[in-house]
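Those sequence lines, one after another, are chains U and A. All the letters of the first sequence, read from the start, carry residue numbers 67 to 475 under the working numbering. All the letters of the second sequence, read from the start, carry residue numbers 67 to 475 under the working numbering.
What the hints contain is simulated information worked out from the structure, not anything from laboratory work. Each residue gets a CB set at the ideal place from its N, CA and C atoms; glycine is no exception. Misleading hints may appear alongside valid ones.
As the list claims (entries may be wrong) - Below are the SDA-like pairs computed for lysine to any residue, each with C-alpha atoms no more than 25 Å apart in a straight line: (1) U:121 / A:84; (2) A:153 / U:115; (3) A:121 / U:125; (4) A:93 / U:125; (5) U:153 / A:209; (6) U:93 / A:84; (7) A:121 / U:115; (8) A:455 / U:82; (9) U:153 / A:234; (10) U:121 / A:121; (11) U:121 / A:216; (12) U:121 / A:83; (13) U:121 / A:115; (14) A:121 / U:82; (15) U:121 / A:209; (16) A:121 / A:216.
Said to hold, decoys possible - Looking from chain U toward chain A, a few residues come up when the C-beta cut is under 10 Å (computed): (17) 85; (18) 126; (19) 127.
Protein chains: 2
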Amino acid sequence: MGIMVQKYGGTSVANPERIEAVADRVKRWHDQGHQVVVVLSAMSGETNRLIALAKAITDEPTPREMDVMLSTGEQVTIALLAMALIKRGIDARSYTGTQVAIRTDSAHTKARIEAIDDARIRADLDAGRVVVVAGFQGVDADGNITTLGRGGSDTTGVALAAALGADECQIYTDVDGVYTTDPRVVPQARRLTTVTFEEMLEMASQGSKVLQIRAVEFAGKYNVPLRVLSSFGEGEGTLITVDHAEDDMEKPVISGIAFNRDEAKLTVRGVPDTPGIASRILSPIGDANIEIDMILQNVSADGSTDFTFTVAHGDLKKAMAVLEKVAKDVSAREIVANGNIAKVSLVGVGMRSHAGVASKMFSVLAKENINIQMISTSEIKIAVVIDEKYLELAVRSLHSAFDLDAPAP
Amino acid sequence: MGIMVQKYGGTSVANPERIEAVADRVKRWHDQGHQVVVVLSAMSGETNRLIALAKAITDEPTPREMDVMLSTGEQVTIALLAMALIKRGIDARSYTGTQVAIRTDSAHTKARIEAIDDARIRADLDAGRVVVVAGFQGVDADGNITTLGRGGSDTTGVALAAALGADECQIYTDVDGVYTTDPRVVPQARRLTTVTFEEMLEMASQGSKVLQIRAVEFAGKYNVPLRVLSSFGEGEGTLITVDHAEDDMEKPVISGIAFNRDEAKLTVRGVPDTPGIASRILSPIGDANIEIDMILQNVSADGSTDFTFTVAHGDLKKAMAVLEKVAKDVSAREIVANGNIAKVSLVGVGMRSHAGVASKMFSVLAKENINIQMISTSEIKIAVVIDEKYLELAVRSLHSAFDLDAPAP
């Protein structure tokens with residue numbers, strides 16, 4: 067008996083039949099005596115359909131108007147789910163981001179939630195109603211419609227759960243939880259019962275796309291228990307918490323392995339090793355709105371240095387164009403680009419208390435003759451860049467070596 | 067130089083290309099120095115698409131939730147038009163019914179406008195902006211989204227024009243004005259330069275579907291000059307005003323001929339001619355939500371009476387079922403139904419000052435051997451019910467006899 071916030075993604079509400087299935091699931095929770103708030107995305111495909119309409123008119127759609135248009139996607143699904151619940155004899159009411167109200171700043175298409183007025187929702191819950199809220203959208207101080215950016219519905223769910231002091235925020239999606247790694251690469255991958263916010267953040271930023279990073283940050287900040295589960299089956303999913311369960315005697319050293327093929331490496335060779343050189347190379351890249359992931363700098367014997375960094379694969383061409391100008395300014399010898407790389411990351415809070423994780427990782431890769439091109443570490447993560455063709459081999463070997471494989475059935 | 071409210075219907079914004087054409091037209095008015103407020107419908111077909119989604123979930127969609135869903139249609143078109151205007155260098159801003167705010171009562175799916183807060187629009191107009199408002203929708207006192215019913219965008223346009231004291235409310239549609247009669251039946255039909263509100267109301271209620279009746283009533287009540295024109299061509303369209311132009315020396319006796327095939331006639335024969343008999347027959351019809359158009363009662367020689375009335379063709383079966391019960395109660399002899407009838411109406415404010423319009427109408431029909439089954443008159447209208455097969459012949463003969471034919475080219 068508590069307040070449950072349930073968020074269903076686009077594939078879970080893709081058509082009337084699936085919306086009916088969501089209504090069945092919501093009804094079960096409601097019948098058990100829970101107060102249920104549902105947050106919905108737009109039907110999968112709808113956002114792309116709307117963007118295509120805008121692009122047919124202009125290459126640069128005005129962000130304010132994009133938000134007016136894009137916010138209609140969730141407005142359709144919330145109304146349909148409310149109808150489906152009412153058909154099942156449950157009193158339900160839908161609300162747009164404006165109606166709730168989910169107050170955001172005015173950064174159209176990527177707004178941030180500032181406050182939520184929960185009075186209306188609480189009154190509905192107390193009256194026995196199920197409340198259905200449009201995800202992804204809000205309203206600024208002047209009454210303009212805003213959106214939170216792709217995947218923003220997760221953030222809406224977590225923010226509502228925080229505002230209402232919900233017992234749990236359940237994120238229903240098309241996977242049944244967070245896995246030790248992508249089961250398409252490692253069939254022995256295991257669903258995690260729990261994972262910490264920190265681990266989830268590292269895994270998300272390393273390429274595991276189960277949850278939006280902002281939603282995890284938000285949940286961590288407000289200590290909202292977050293659970294990822296499948297909207298197509300049953301099961302406990304994965305609970306994301308502050309720490310692993312107290313009674314988990316054998317806390318895992320490594321919780322999961324994330325990887326990302328979508329990276330490219332750029333090396334600026336023979337740069338004079340003088341102060342400020344990194345900034346002179348990277349500032350123009352940032353100015354061009356290119357995000358940088360890993361950075362590495364080696365000093366050569368001749369007093370010059372090689373400067374290496376990675377960017378998203380789609381930004382490689384743009385980054386090259388920027389660097390060619392910069393290279394002359396800093397008298398670099400040459401620029402080398404490599405699009406055939408991949409990043410593999412071990413993630414786990416247990417790493418803090420266990421020495422030797424890094425050396426074990428490197429020896430596992432060495433045994434498979436996989437050369438490490440770059441290394442980056444944090445408190446709970448070790449990431450390496452390798453040749454893309456070794457990605458599957460590397461992930462499988464590490465998954466097995468760190469005892470992540472599921473027991474044979 | 068004045069405030070122009072322009073309303074574009076669903077076919078005028080059916081796709082991005084047509085929205086661009088609307089933007090071109092709006093730009094021309096804006097460039098001439100007018101302050102322009104645009105009211106839009108949803109893309110044609112969109113409302114039906116949404117209704118089909120709701121019907122896939124439930125046969126009885128909750129009206130409140132229907133409104134949440136249906137209001138998205140205009141929200142998409144207003145954003146797209148604003149983008150198209152901004153692309154043309156015009157500062158533009160879109161508003162939903164909630165944002166404006168168009169305050170209505172809470173009668174979901176058929177709400178009535180109670181008030182409009184025009185502060186925001188005036189500020190935008192004064193800043194040189196074009197304001198694009200979602201038609202068909204509003205918001206009630208509790209912040210719930212409401213809709214005005216089919217064709218409600220016309221009403222939004224007129225209400226905004228009234229609130230802003232606009233110089234004109236222009237209704238852009240797929241016809242280029244109001245005609246003396248349907249040109250598909252009479253190729254010689256002429257576009258009217260002006261028509262009065264009263265005439266327009268009679269023509270609309272008699273089956274001419276250019277404008278929504280509520281919009282015309284609203285315009286008449288607040289004395290808003292209303293103009294119907296084509297969004298696909300140029301031309302002055304038809305101006306709907308309080309009276310025909312002063313300088314129109316030869317005010318027409320008849321402005322137009324409306325007709326309606328969608329009627330059916332029911333006769334209850336041999337009813338005792340006692341007080342209250344009409345009410346005993348018609349009350350059950352009204353209770354069954356069947357609208358009655360014309361009513362006629364004849365007294366027979368034997369002291370009994372025949373009672374005849376017309377209903378929409380689609381209600382004929384339902385009305386028969388009701389009447390069969392009633393017939394016993396009032397000891398009627400028999401019930402006769404006729405679905406093969408049509409109504410033809412002459413409309414014109416000039417009728418008031420010209421005797422002999424009725425007799426001329428009857429003699430024209432007699433000359434063609436068309437039998438008149440029912441007659442109904444108002445101050446500015448004479449309507450007759452005839453056999454459906456004579457409809458085209460009747461309309462053409464009357465159109466010619468009352469000098470409505472366009473001069474030969």
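Do the hints match the structure? See the list:
Taking the CA atoms of residue 121 of chain U and residue 84 of chain A, the gap is near 14 Å; set against the 25 Å cutoff, the hint holds. As the CA atoms of residue 153 of chain A and residue 115 of chain U are separated by approximately 20 Å, the hinted pair is consistent with the 25 Å bound. Taking the CA atoms of residue 121 of chain A and residue 125 of chain U, the gap is about 36 Å. The hint is violated against a cut of 25 Å. Pair hint residue 93 of chain A plus residue 125 of chain U holds up; C-alpha atoms about 19 Å apart against a cutoff of 25 Å.
As the CA atoms of residue 153 of chain U and residue 209 of chain A are separated by approximately 24 Å, the hinted pair is consistent with the 25 Å bound. Pair hint residue 93 of chain U plus residue 84 of chain A does not hold up; C-alpha atoms about 44 Å apart against a cutoff of 25 Å. With a C-alpha separation of about 22 Å, the suggested pair residue 121 of chain A and residue 115 of chain U falls inside the 25 Å cut-off, and the hint holds. Between residue 455 of chain A and residue 82 of chain U the CA atoms are separated by roughly 45 Å; this puts the pair beyond 25 Å, and the hint is violated.
Simply put, residue 153 of chain U and residue 234 of chain A have alpha-carbon atoms about 45 Å apart, too far for the 25 Å limit, and the pair is violated. Distance hint between residue 121 of chain U and residue 121 of chain A is unfulfilled; the C-alpha atoms sit about 31 Å from each other, more than 25 Å. Between residue 121 of chain U and residue 216 of chain A the alpha-carbon distance is near 29 Å, which puts this suggested pair outside the 25 Å criterion. About 12 Å separates the Cα atoms of residue 121 of chain U and residue 83 of chain A, which keeps this hinted pair within 25 Å; it holds.
Our distance criterion of 25 Å between C-alpha atoms is met by residue 121 of chain U and residue 115 of chain A, whose separation comes to about 22 Å. Proximity of residue 121 of chain A to residue 82 of chain U is assessed by CA-CA distance (about 9 Å); at most 25 Å being required, the pair is judged to hold. Between the alpha carbons of residue 121 of chain U and residue 209 of chain A the distance comes to roughly 32 Å, so the proposed pair goes past 25 Å and is violated. Between residue 121 of chain A and residue 216 of chain A the alpha-carbon distance is near 17 Å, which keeps this suggested pair within the 25 Å criterion.
Look at residue 85 of chain U: its Cβ gets to within about 7 Å of chain A, closer than 10 Å, so that hint holds up. Nearest Cβ of chain A to the Cβ of residue 126 of chain U: about 8 Å, under the 10 Å cut. The hint holds. Taking 10 Å as the C-beta contact cut-off toward chain A, the hint placing residue 127 of chain U at the interface holds, the least distance being around 5 Å.
Violated hints, in rising order: 3, 6, 8, 9, 10, 11, 15; the structure is consistent with all others.
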